[in-house]
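Peer 1: The chain contents come next:
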Amino acid sequence: MHKRMSGFISYITQSSLERRNSTFKSYIEEDDISEDEVLDQVEESASEFFDMELSPHLLPGEHVVGEIDNVLKFTPFTDGKQGISGKLFVTNFKLAFATADRSSYVESNYRQRNLLLIDEEIPLTSILAIYHEASNGKRKKLTKGMTLSTHTKTLEVHCKDFRIHTYSFRFSPKVQNKQFPNILSHYANPTKETHLFAYEYGRNLLKGSLPDSPTPLFDSIGDWEQEITRQGGDKFWRVTDVNMGFKFCLSLPQYFVVPHGLVNNDLTKASYQYIERRIPTWSYTHMNGNNLVRMASLDPNSAQPEYEKRMLDAVKVAGSQRNSPKVIDMSECCPSLKDLQESFSKICKLCMTDNTKDFIVQDMNWYSSLDDTKWLQLVAQCMRASNEVAELMQSKQRSVVIKESNGRNFSCVVSSLVQIMLDPCFRTFDGFQSLVQREWVKMGHPFQTNHCLLGSSDTDQMQPVFLLFLDCVWQLLQQFPGCFAFTDTYLTSLWDTVHIGLFETFLFDSDYQRSKFSAQEGKNIRKFRLPCTWSWRMQFSDENMSFFKDPLYLLTHDPQLSEALKETKLLANPGKYSQLLRSNKSYSKKLESILYDDKSDSFDLETLIPITLAPVIRLWTQCFLRWQAPAQIISGGTPSQYLQQCHMVEEILHLHHKAQVLQHETRVNSNRPKSELIFSPAAMGTPQVSEILNSVYLTSSFPFSPGPTTQQQIMSFTPTISIYLQNSSVEYDLAQEED
Amino acid sequence: MDRRGSQEYIDTPNRRADAASSDSISNSERSVSFPMNDSSSSKESGSPSKSLCSSASSSSENVPALEMKMLKDFAQSDESPLLPGEVVQGMAKDVTYLCPYSDFVKGTLTVTNYKLYFKGSDREPPFILDVPLGVISRVEKIGGVSSKGENSYCLDIICKDMRNLRFAHRQENHSRRQVFEKIQQYAFPITNKLPLFAFEYKEEYGVAGWSVYDPEAEFRRQGVPNDSWKISRVNEKYELIDTYPALLGVPKSATDEELKLVSSFRTRGRLPVLSWIHPRSLATITRSSQPMVGVAGKRNKDDENYIVKIMDSNAHSNKLFIMDARPSVNALANKAKGGGFESEDAYTGCEVSFLDIHNIHVMRESLRKLKELVFPTIDDSKWLSNIESTHWLDHIKQILAGGVKVADKVENNKASVLVHCSDGWDRTAQLTSLAMMMLDPYYRTLKGLEVLIEKEWLSFGHKFAQRVGHGEDKHSDADRSPVFLQFIDCVWQMTRQFPNAFEFNEHFLVTILDHLYSCLFGTFLFNSEQQRVKEMKVRENTKSLWSFINYQMDDFINPLYAEYLHQHVLFPVASMRRLEIWTGYYCRWNPRMRPQEPIHLRNRELLVLKAQLQKKVEELQKERESKNARGILQSQPRVSSPVNV
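Same order as they appear, the protein sequences are chains A and B.
Residue numbers for the first sequence follow the UniProt record's numbering, beginning at 1 and rising by one.
Residue numbers for the second sequence follow the UniProt record's numbering, beginning at 1 and rising by one.
Extracted from the complex, chain A is given alone in its bound form (with noise of 0.2 Å):
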């Protein structure tokens, strides 16, 4: 019985024991020292700890609600053999562990931190399950509902990061063991959506503590005026307010965007025939005149279907080409949400494990469980609908309208992606979140609904298309490097940001139930509302979100940087440059167009056409994966080339303006051209930033997890990424004096 418990070696214990010249994990492969001695050495240094008072950190309007004593949280994959102690708490938002073991916070255990979360912390609409075992070793999930009897020996919380998280009740005491599981399952669980902590949340938020979104959030009128007219197509359109105070469709926004030619009157006419209401509406304008529409089929008991003509035959005025619209279906191109919720289900299945041996079992027929999940030929079926739809737009010179069901799922997929592929301004971060605003958010996405942010035990009804769409990006992001202003490590905080369950942006399934809840209080005068998921300031520091920005497209694409760089044609020797390049001429030739080319966008790739072929279709391994520990490639992964690319970024930022304080044998007036990556000279004096140099083991999973997670896997020769700087030509000293 105390066979598991032997092996366990808690930081705390091993401190104590390396002491005495000797590890725990030395002690367990002798086994020359009693399992008793063990137990007892465990528990007398945890009881130190124990007997600390510990506390979660808590947010406004957030309160304990239950709490456990003497709990080991497991590292995974040491098969319960390791582990921190310490005291779990549910609040009414999250599921808390509380240690005094200081060890996961230092050196090795740095991880990218969300400042709404320290270490540890779970909110409650990010757990995807919770099983329970009683100590007679039955497992089971906790659903809706369930009142536990039983004593539990783990609990195991699966979340939808991809984590999971075990913690050992054996030696908490026996009324909180009993009381806590159930206390959990309630409030993970709560029966409706004013229960949500979200709600207290922003009852508790000071007005003016809310920072103001750097991305348009299309509440106004002016926000979308802005877009059609960027575009070019503000001469067929319309921004109409038919929908105001909701009255004409409850999932469309107050705010959306018509053919010219169509009046309210014509819209509500209609609206009648289309399934929710939901009529055609703008979303894009090509540069050719083209258009791209989104709608809602018809209603199966539309008796007059003759309007959907009539609505198409005003997309056709509105194009500049007039051809007629291409409908396509997307229930034809796309896969069915309930491929997606088993897809989803399999591969979570396949991803999450946290024992070696399940690990190494599974190793074994990767590829075809893979398949089996068929996650990424939904991903492949996606990116192929959008290419047919960009491919009409852009070569066929053909607008298109897009029809689903009820418009909000895999419409909001295939618009966006084809927008990003026609439009290098979706590309750039305040682009991209534009995007999703509009197509996502503003255009009714279920996103409360499918993502089960109202309860854990319902979680089998995952049905996560914004990580559909998300994994799409992501390829286009291999595809494409350095073509996106945004890195995959954006992309994986973005998912992990939407069931967060504190932004307004992600926690709701229609812009109306927004409205509702930010008017609830509307009596009391004060008006209040969330936080919005594109201040990302709220989230991170500085330090973390420089991971978010891609070196290459720096380079090229900011303004100040790529001014900088222009200039270094002026002294240009064609001569040196093909001694350089002569092994590689159509790269010089992009080259050039770095160099010499005075357009500075010149060098966008316009459209971006991805391959979906299965072999370049790969694994989200970063997103999927950054929990497996023994799937951790040791200071190399992909994450070692971003940091190389920084680096070198850095470098070349450095000569250049050493090159051109030396050309003007003075101080030139401009300063260093600021990359805001790692690297930069302007971070390198924060603590924060040395803290990250000096004490992170570089892995494939970085920023994400906590890098090694045992002694053993650090080794001596491990360096910390601050190695990135050994060789560097830039004068950080100097660089800082200049600024």
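A portion of the hints provided could be inaccurate.
As the list claims (entries may be wrong) - Only pairs whose alpha carbons sit at most 25 Å apart, straight line, appear in this in silico SDA-like list of lysine to any residue:
hint, chain 1, residue 1, chain 2, residue 2
1, B, K369, B, D380
2, A, K349, B, K610
3, A, K396, B, R592
4, A, K346, B, D379
5, B, K371, A, K346
6, A, K674, B, D302
7, A, K396, B, K371
8, B, K610, A, S562
9, A, K374, B, T583
10, A, K374, A, D460
11, A, K192, A, K174
It is worth saying that the hints were derived from the structure and are not from the lab.
Fit chain B to the supplied structure of chain A, relying on the hints for placement.
Peer 2: For chain B alone, kept in the frame of chain A given last:
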């Protein structure tokens, strides 16, 4: 046409084209061949044109405008560009290339003593296919004189590099037979008692590729001889072990007599000798063939003592790990044939483990299945399951995992490891060379990998001629097997996992594989050092692949290589989750598989920009210094604000 003006163009694409193949440096310049015997350009530049036909050449599809223009210019010249020493053997007009990816192409097919050259006539710019005969595994006639229908009277060319080619002839032209015979004759020179083209190829690179590997220098680099290891010349004339190199690293106390006795107890005399020694712990990797214990469990005191000497040369560990690359079943089965493995009773202090890597026949079958999947078209629907069913990645995983096990013992346990399989020239070479790459950053440089291949593969008698089947018309020979390809695949997997730990790029690996088959260089010909050096004198009579590569090293450099980042052991993750099908090699003939925006190009931009700026800064600094110097000389007071440089 202004020759002078085109000089640079000529030079550039030439050198790119030959270097061949696929996506490594530039996907756009992939494999377009250009004439190399352009006399005017050679004369003007005063240097030989360094170009060869690409073994990987494919078509002129996807060639950007600039290259198109050049292609056009050259296409109007000679029918088939020739290498020095290359002679046209036959030509057939009105042949149709049945391209699996695009419309069929009509044109002219030329066969030389080195390559097969097809030039389309119905397209501008012309479609060009340029295939060294060395990659051809077999040629088959499809359809007879009476075959009806267009394109039914064909020649199928099955290649070793994951592709097949099909040319349709017209019955009335009687061209098929001629082409068939010429290909049969020159693609299989060994069978026909003709010289391999490498012996005809006359090119001067001005780079000494044959001296890249100097065994003594490499021993010295590792610190041998030292207190416990020496260089033995017992095999100097290849008389003791004909498949071993001339120089052997052996325990210092081992006498020649002793070596001979030990050798007699090992299959083909391949006794345990040094591959690598850890610079600090002095733990070693040694390699050998299996001991001949047989069913009776024979013992040999000399062999046992010798193993003890290897163990004792490492002060850090009183244990020697013997890693038998085979599955234990196979190792046992070998006892029936007089082989087997060391028993832990007889060899005290030894721990034997089996690394479960399958034999050459299993590997050959696996690659055959893989080829069916990737060529010509890819079935999207069950891609991943199909890949799994080839087991190719399972084998790669097993080999990598074996390498990790060896490296782990040496690095983390400071223990010595002896690696063997049956003969010790296939799986053993894979394991020792991979472990050495993990342990020693030197082998992750471009020259380091060249040395590693020369040492662990060529000098230790990996039977390249047999495994590849150079110049022989025996496509179903059971001795053929993609053992070396697997090694290069494993290296590629490592470069994927550690993007800045390797000095060379993917293009380098693909080029090595292309010339593994091409028979253009002497490097991979024959089965042993003895055959190459003593019998065939390849150093005198052929060019080394490394001359060709080192002549244009820039093309093979990984722009992200950061030496200082990885001066330590690399442990790749041998999990399926981190292994991938090397599409850049296996799927490269499929134009739809080519990346549109290859990352290595973008990375290389960074490197070039940096180099440019560095140069500029240096020039400016020099300028400034000389200016200042002049200023002092003329002792003119000079007012300038202090500048931070």
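Peer 1: Please write out, lowest number first, the hints stated earlier that are contradicted by the structure.
Peer 2: The structure breaks hints 2, 5, 6, 7, 11; every other hint is satisfied.
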